[in-house]
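Engineer: Sequence:
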Amino acid sequence: MGSGLGWIDFSSEHRDRVRTVIDLLAAPGVVDELGIGIIRDVFSDVLFPGISTIQTRPKYFLIVPRILKDYENLPDKQRQRISLEDYLAREELDCRVKLAERYGSREGLGVIGVTFGTRTDTDVQRRPSSVYWNGLCTFGLVKANGSLSEFCRRQSGHRPSLRLRLQETKDELGDDVDAEDLTGNLVMLPPLENWKEELSITLTEDEARFLRHQITASKPDSLLGQLLLDDEVADAFTGLTDKADFAKMVDLLEEIRFPHADSLRIARMARDFWKLLYGAHIRYNVLLQSRYGGGAALERVEQMWQEWWEQIREFDWHSWSDEALWVLVAEQGSHPQPWTKKFINGWIDACRRREPSVAVLDELVIHQETLNKRSRSRLQTKKQDEAVGEWVGISVLDYRLKQARVLVTDIQRAERGEADPNAGH
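Mapping of the sequence shown onto our numbering: residues 16 to 440, in sequence order.
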């Protein structure tokens with residue numbers, strides 16, 4: 016009998032959280048065996064806020080709010096017959112079908128659920144509204160606090176419509192504690208008649224300008240916001256090759272003398288954090304292969320270790336500050352486990368000594384994996400019939416670089432009239 020994963024969900028919010036984890040686990044090289052994901056997310060949120068690794072095309076930042084707006088504009092009797100959650104599910108399915116009718120089953124265009132084609136008897140586990148919700152709130156496209164499920168409950172049809180509430184006086188609103196929260200939840204969207212009939216995965220020129228304005232107005236101090244405020248920098252950014260990693264992007268910013276010192280400082284810190292902690296993940300794989308694998312796979316990770324260590328001998332310690340890292344983490348309201356902070360500090364301190372004992376480094380990795388994975392640890396106790404692949408754990412940190420490039424590229428192409436709505440590019 017094959018193994019499977021199940022859970023008991025008590026709300027749509029719990030369900031979305033579990034699906035997010037499953038989405039991440041499905042991608043190779045992203046499982047956080049050593050518990051550094053919380054630091055990765057801090058850098059990602061500071062540099063590229065509102066973006067997630069499972070987003071595809073920025074068009075969904077407009078599709079979802081338009082559906083929400085359509086629901087708000089329904090006559091009250093219709094709204095009372097269907098909840099916003101059910102309405103969203105129905106309309107997002109309809110949008111997916113319309114996109115499939117336009118583009119067929121072509122993958123690579125970023126159409127969520129494209130493999131289902133025009134089928135209506137089945138649908139994606141994570142709908143666009145869930146995937147893009149944080150970004151919609153972050154960029155002010157939807158003015159809401161809390162989860163999508165909470166928003167749907169508050170906005171559903173048993174409540175008077177926004178249209179009627181705006182016709183009431185403040186006195187008539189009385190003591191309804193939700194009154195102010197419910198007025199003006201959605202920002203004005205670029206006008207587009209019959210938007211579903213003309214639906215494409217590309218942005219129109221007006222949509223691109225609107226989205227650029229929303230991002231730069233809401234997050235002007237982020238790297239993403241600054242890219243969208245400077246066309247020359249954005250051109251250089253989108254000109255990076257598809258194979259360019261985060262370190263190449265930082266090199267580019269330095270080469271063009273990126274004028275925003277704080278963002279450049281944080282980007283350098285993010286690059287150097289992974290440059291240092293990558294070694295811990297190599298060492299983790301050396302230990303795994305020594306215990307469960309061997310042969311050519313062990314030789315490869317041992318070679319990777321030697322190459323990494325030669326690079327760290329040349330690391331510029333004058334540009335690195337442990338204190339600056341933890342100040343940034345605290346400023347973002349993030350709270351790593353005490354043992355994770357101790358592990359990161361211990362690993363960096365050992366690297367700083369230039370000639371640390373490999374046994375000491377291995378002990379740091381074993382201790383951290385044990386605390387992070389508890390009973391699922393593979394290094395603390397050797398497990399029977401355990402097998403490991405070529406690489407286990409995080410293989411790269413790019414801090415949502417790929418998704419940010421897609422977003423900036425789509426905005427630029429649409430504004431310049433280069434987006435082909437029929438081809439998806």
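In short, the hints are calculated from the structure, not lab data.
Given the structure is predicted, the values throughout are model-derived calculations rather than measurements.
Misleading hints may appear alongside valid ones.
Stated by the list, open to error - Straight line, CA to CA, 35 angstroms or less: simulated DSBU-like cross-link-like pairs of lysine-lysine:
id	residue 1	residue 2
1	Lys234	Lys417
2	Lys263	Lys417
3	Lys92	Lys158
Engineer: Are the hints correct? Go through all of them and say.
Structural biologist: Hint by hint, here is what the structure shows:
1. Lys234 - Lys417: Within the cut-off at roughly 19 angstroms; holds.
2. Lys263 - Lys417: Given pair Lys263, Lys417 holds - Cα atoms ~12 angstroms apart, limit 35 angstroms.
3. Lys92 - Lys158: Holds, at roughly 25 angstroms.
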